[in-house]
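Peer 1: Line by line, the protein sequences are chains A, B and C.
Take 36 as the starting number for the first sequence in the working numbering and just add one per residue.
Take 493 as the starting number for the second sequence in the working numbering and just add one per residue.
Take 65 as the starting number for the third sequence in the working numbering and just add one per residue.
Treat the hints with care, as some may be off.
To be verified - Derived DSS-like pairs: lysine-lysine, alpha-carbon spacing no greater than 30 Å straight-line: (1) A/Lys580 - A/Lys108; (2) A/Lys261 - A/Lys580; (3) B/Lys692 - C/Lys175; (4) A/Lys459 - A/Lys759; (5) A/Lys261 - A/Lys467; (6) A/Lys580 - A/Lys467; (7) A/Lys108 - A/Lys252; (8) B/Lys692 - C/Lys187; (9) A/Lys759 - C/Lys187.
Just so you know, these hints were derived from the structure itself, not from any lab.
What you are looking at is a predicted structure, and each value in this text was computed from that prediction instead of being measured.
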Amino acid sequence: MLELLSNIPELATLASHATHGHGAEGAAAGAAEAAHAVGAAIAGSGNKLFLLIPLLPLLSMALCGLYWAFGVKSKLPAWTTVGLLGASFGLTILAYFEIAAPGVTQIVHGFRWIGIDLSPHQEGGLELIANFGLYLDSLTILWMLFVTGLATLIALYASEYMAHDVGPGYCRFFFAFSLFVFAMSALVMGDNLLMLYLGWEGVGLCSYLLIGYFFTKPSAVAAAKKAFIMNRIGDLGLAIGIMMTFVQFGTIEYAGIFEQVDAIRASGGELPFAVKAIPLLLMVGAFGKSAQLPLYTWLPDAMEGPTPVSALIHAATMVTAGVYLIARTYPLYTLNPTALVIVAWVGGLTALLAATIGMAQYDIKRIMAYSTVSQLGYMFLGLGVLSSAGAAFHVFTHAFFKATLFLCCGAVMHGFAGQLDLRKLSGVWGMKGWRIVSVAMLIGCLNLAGFPLTAGYFSKDMILAEAFVTPGFAVLGWIALITAGLTAYYTFRVWFRVFMGPGEFEPGDEHHGDAEDEMTAEDGHDNHAGHGGHGGSSFHPHPPKWAINTVLAILAVGSLAVVGVYFIDTEHHGWVGGLVHDSTAHYESPFVHHGAAAHEIAGAHGAEASGAELAPGTFLGFDPHEALFFASGIIGAIGILIAAFLHGPTGFGGLFIGARTEAATSRADGLKRTFAPVGKWAERKWYVDELYDFLFRIPLWVLAHICYLFDRFIIDGIVDGLAKTPRGVGSGLRPSQNGLLQSYAVGMAGGLAFILLVIWVVL
Amino acid sequence: MTLEWLINPIILYVGLALGAGGVAMALPRKGGGPQIVGALLAATGLGLVILTLAIVAGADRPNLFFYIFGAIALGGALRVISHPRPVYAALYFILTIISSSAMYLLLGAEFLTFALIIIYAGAILITYLFVIMLATQAPSEDQVEALTEYDANSREPIVATVCGFALLAVLTGMMATGAGRMTPAEGYDATSDLARVPKKIERWLDQQGLLDGAKPLAEYPETKPQRVLADGTIVPAQGPDFEHSYFRVRERRNNVMIPMAQPVVLLNYNTQAGERLAARIEARRAMMQDEPRAAGVAPIDKQVVELIDRIWDFGGPQAFGNSTMTMNIVLPDDLRVQNIEAVGFALLGEHPLVVELAGVVLLLALVGAVILARKQIEIGQDEKAQAVQLLGGMSA
Amino acid sequence: MMAFGADAFFSALTLGQTGFEPMAGVTLYHYLFVSAAMMAIGVVGFLSRRNLIIMFLCTELMFQGAALALIAFGRLHLNHSGEVFVIIVLTVAAAEAALALGLVVYLFRRKETLDSLAWAELKG
């Protein structure tokens with residue numbers, strides 16, 4: 036019945052859209068509609084049930100807000116959130132079977148959110164329409180599957196992780212957490228760019244709120260501000276991109292845009308620069324949100340937030356919003372291949388840079404953050420080399436293993452009182468109660484390092500192979516390959532130093548605050564008593580309990596199992612590839628199948644684009660699709676071995692090549708002394724922050740002070756002058772207001788005489 | 493007048509300037525000051541102005557009493573503002589009031605002449621004197637006769653005089669240019685008031701025995717006004733209201749034959765009462781001619797009968813309005829509406845709202861006075877001390 | 065100066081003008097000047113005298129000036145409306161005397177002085 040009700044107005048809306056196009060383009064769009072797979076979707080015909088996917092997190096948010104207002108001091112917010120997000124996840128699975136599995140597209144209409152008739156006196160004129168509606172295709176479902184699924188699991192994890200803060204903070208955490216999931220759902224599922232923007236800003240806000248969760252800590256506040264401001268830079272690009280989309284296409288709804296893009300592609304011809312600029316602008320937004328060069332520096336600092344937040348927002352979901360944006364608007368990118376080239380290069384360089392920084396860090400969460408930046412770089416590289424399927428697959432696998440890794444780091448941090456320095460932790464594997472964490476961490480590390488036959492291995496290979504296949508990108512391919520080696524090295528550096536070797540630790544100084552004792556008494560963790568602030572001697576690490584362990588186990592198994600999806604739909608390079616193939620993000624790479632549209636794309640791909648037909652590139656003469664399985668496997672293994680040699684412990688744990696016998700020292704120290712400046716630079720993140728400081732902060736500081744002086748002396752001078760003028764006049768006139776009746780009467784009589792005089796003279 | 497330019501702008505303003513200087517000098521100030529010189533100067537100045545006015549006026553100037561009472565009024569006024577003692581000021585104000593009322597008399601406003609004296613001199617000024625008695629005190633016990641500081645000194649006399657006389661100069665200048673445009677009202681004579689007061693004539697007719705004393709004419713059953721046309725047909729009369737009345741006061745300008753000063757009444761034959769009145773006058777006239785006292789009827793004023801004769805002889809019944817038969821009766825010269833009657837009619841007939849407004853104003857004043865009288869003032873000790881200090885500072 | 069000749073003097077003594085005859089415009093001007101002068105003297109007194117009671121007397125002077133002008137204009141226009149308005153003036157003067165003098169007594173009891181300069185609470 037819901038469908039029946041929703042059909043009638045929406046058909047009218049669709050009909051009106053058809054006339055909203057830009058003249059000939061609009062007509063062409065109508066003609067091309069039938070040709071495109073997406074064109075088969077009937078707007079608003081979707082199942083209204085799916086509106087609950089974003090709305091359930093919103094309900095959860097409202098409930099948590101109420102708990103907050105009523106001062107709930109139990110774990111109720113966590114269970115509410117877990118329950119409602121779980122329901123949302125269940126609906127997403129339902130949506131998968133209804134939409135993604137058969138490969139159809141549904142547009143679900145919620146309500147008319149914004150409708151501005153820009154030419155009200157003209158029939159069928161330009162109208163800005165933004166519905167609260169869902170654009171459901173397989174790409175959306177793919178994203179929503181891991182967003183809601185991981186959100187549910189991480190909420191469960193956080194229920195224990197945040198337990199020390201039960202009370203207002205706990206409610207606040209889950210309030211923002213639910214809001215984040217709602218915003219992310221709006222971002223992913225919205226059927227127009229404005230709704231995407233709503234979600235985009237929403238996740239930015241939640242990111243800010245959650246990074247600054249420990250708002251009494253100055254570094255957390257600074258990190259939150261940094262994240263927010265750097266995202267603003269990107270969001271500016273996105274906002275302008277959306278505006279230009281509306282200006283150029285007359286609509287911001289995906290369905291309308293894609294129709295017109297198809298029409299443009301079908302008609303050919305030179306495009307105006309404004310249309311070509313749209314992907315470039317959208318890309319800026321994507322770079323900001325997904326922490327790519329040059330806007331990546333906020334992400335490592337964002338690790339100031341609670342670890343579940345880092346895992347969900349800053350590793351698995353929000354940072355992939357940029358990838359999603361580009362994948363969603365992929366048809367626009369096909370109109371301007373230069374944008375894709377930029378995407379590819381930015382991604383590749385970010386991957387390398389972040390990996391080199393990650394090698395030299397000591398904070399394990401930061402290492403994971405840089406690895407996230409690096410892996411996101413891979414995804415952008417994948418998008419840039421026309422492997423949207425590879426990028427999406429890497430997003431999917433990365434979401435699992437990076438969440439696993441972060442949650443493991445979080446468990447370690449939780450257990451060792453905030454200790455994250457890998458020089459002060461060692462041999463966690465051998466400690467009692469840490470086995471699940473260690474195994475999960477190992478699985479995550481293997482995935483991240485691209486160990487053969489893991490999911491990360493296959494997804495990374497898809498991107499690497501496409502980089503070599505696509506002509507002109509071989510350099511990027513080599514960069515990505517080297518990065519893969521570096522990734523393996525720094526990943527296992529963490530593993531060998533923290534989890535292997537002699538069991539040593541030094542507890543961190545970040546105790547869980549005053550709530551610790553209450554919490555431990557309540558939970559029966561007797562061994563916690565008194566560890567706060569007493570140094571290492573009385574400190575006992577507390578291993579995670581069932582919630583964290585369950586989540587870690589599920590995620591670890593999931594990370595392993597994800598590899599299976601690669602073999603489900605081999606025709607499209609795996610299940611994810613199949614999903615992408617059914618969506619608008621799919622673009623047939625001309626270098627794989629030698630499609631007819633080859634030169635159109637290839638034309639923009641560098642100097643080799645002179646020939647009419649371009650042969651796909653090779654990897655040292657071999658077919659990249661096969662050769663790279665071996666190449667990347669070998670590179671990964673070499674990275675792991677180097678890590679083991681430099682950081683691995685002696686004996687069996689170090690595979691007989693390590694030499695580390697205590698937590699703080701390793702063979703790498705000697706190496707580091709040899710290359711002291713380089714190591715130092717890498718540790719200081721190549722001084723990028725300082726560079727930005729010099730390039731932007733100092734000029735801005737100077738400019739701000741000039742403005743301040745201008746404001747202080749010129750603006751304020753004028754304003755104060757304006758204020759002082761009446762004051763001066765007033766103080767001059769004040770003696771006339773002497774309160775004496777007769778002096779006022781003098782004014783009256785004299786004024787009367789004057790008025791009469793004027794009348795007499797004039798008349 | 494060839495010297496108009498000298499008289500109108502120059503002497504006028506010189507006179508005003510002199511007057512202003514005199515007033516400024518006459519105002520009380522520390523050490524007495526040249527009060528008498530000031531008064532003389534002011535008198536000279538104002539006299540110059542009045543002289544100017546007299547010259548400008550030419551032949552058509554007011555009578556001597558105007559000058560006498562005007563001078564007294566202005567002199568009294570000057571003394572009101574220049575005398576340091578409030579009691580004397582109030583008394584001089586009474587003088588001003590009395591001479592003003594005399595000018596009212598000159599202007600023919602007899603009622604207000606006496607009303608002014610009664611209300612102002614009799615009531616308001618007594619109130620003033622009471623208040624002066626209540627609120628005036630000598631600065632110290634042993635110097636009962638001494639002036640208080642605020643009575644002995646005026647506040648910025650020059651500024652005040654300049655202000656006041658600037659106003660006066662502008663007003664005078666405007667009058668000098670605008671007076672020629674003010675012409676007397678037209679179409680009005682002494683009979684106009686009579687026309688507004690019909691009972692007056694009726695009463696006179698009754699006193700002359702012309703009316704049937706038992707029954708006022710107004711109460712005679714009135715037939716509907718009719719018109720007798722030339723061919724003898726009678727049609728209902730249509731016209732102004734006076735056709736309902738049996739007489740109207742004839743306007744002088746329409747009847748050049750009748751002496752100007754005497755009001756004339758036209759009897760309307762067309763009404764029953766008019767017809768009866770005319771018949772009675774006719775019979776009385778015949779009786780007077782034949783046997784004056786034969787029927788024992790009260791003798792009619794001989795002069796009246798003469799007047800009636802004269803008119804009758806002159807024209808007999810005349811056309812009145814729309815071919816109505818009329819008869820003229822010349823009223824005696826002293827039959828006039830008195831000022832008090834006219835004011836009463838103007839007040840009640842033309843401006844009845846004034847009575848209402850005056851009543852409301854007085855009622856509000858009553859309420860306000862009651863509230864003020866009920867207010868018990870309790871002065872705190874510090875305020876009292878402050879007031880004492882203030883007084884001490886002033887007397888010092 | 066012929067205006068003050070014997071003829072004029074005696075005709076004036078007969079009060080020949082008490083009859084309700086129209087008044088020439090220039091004669092009106094004489095009355096108006098007296099009225100304006102009375103008004104001006106009242107203004108001067110109000111502005112310069114410091115005794116509250118005398119200030120109120122000066123307002124009465126101004127009333128008188130206005131009233132004289134009203135009567136003279138009524139005479140010019142040969143109706144009695146001017147006189148009617150003077151009745152209003154008298155009423156207002158009476159009301160004003162009642163209230164204002166009440167206030168004067170009130171003020172005197174507040175500060176034990178009639179000096180208008182003592183009341184300057186509105187000083188800016």
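Peer 1: Taking the hints in turn, state whether each one holds.
Peer 2: Now for the hints, and whether the structure bears them out:
In summary, the hint linking A/Lys580 to A/Lys108 is supported, as the alpha carbons are separated by about 20 Å, within the 30 Å threshold. Taking the CA atoms of A/Lys261 and A/Lys580, the gap is near 34 Å; set against the 30 Å cutoff, the hint is violated. Using a Cα cut-off of 30 Å, the hinted pair B/Lys692 and C/Lys175 is violated, with the two alpha carbons roughly 59 Å apart. With a C-alpha separation of about 65 Å, the suggested pair A/Lys459 and A/Lys759 falls outside the 30 Å cut-off, and the hint is violated.
Between A/Lys261 and A/Lys467 the alpha-carbon distance is near 39 Å, which puts this suggested pair outside the 30 Å criterion. At roughly 12 Å between alpha-carbon atoms, A/Lys580 and A/Lys467 fall within 30 Å of each other, so this suggested pair holds. Distance restraint check for A/Lys108 and A/Lys252: the Cα-Cα separation of roughly 23 Å lies within the 30 Å cut-off, and the hinted pair is therefore satisfied. Taking the CA atoms of B/Lys692 and C/Lys187, the gap is near 62 Å; set against the 30 Å cutoff, the hint is violated.
A hinted pair counts as satisfied when its Cα atoms are at most 30 Å apart, and A/Lys759 with C/Lys187 qualifies at roughly 21 Å.
Violated hints, in rising order: 2, 3, 4, 5 and 8; the structure is consistent with all others.
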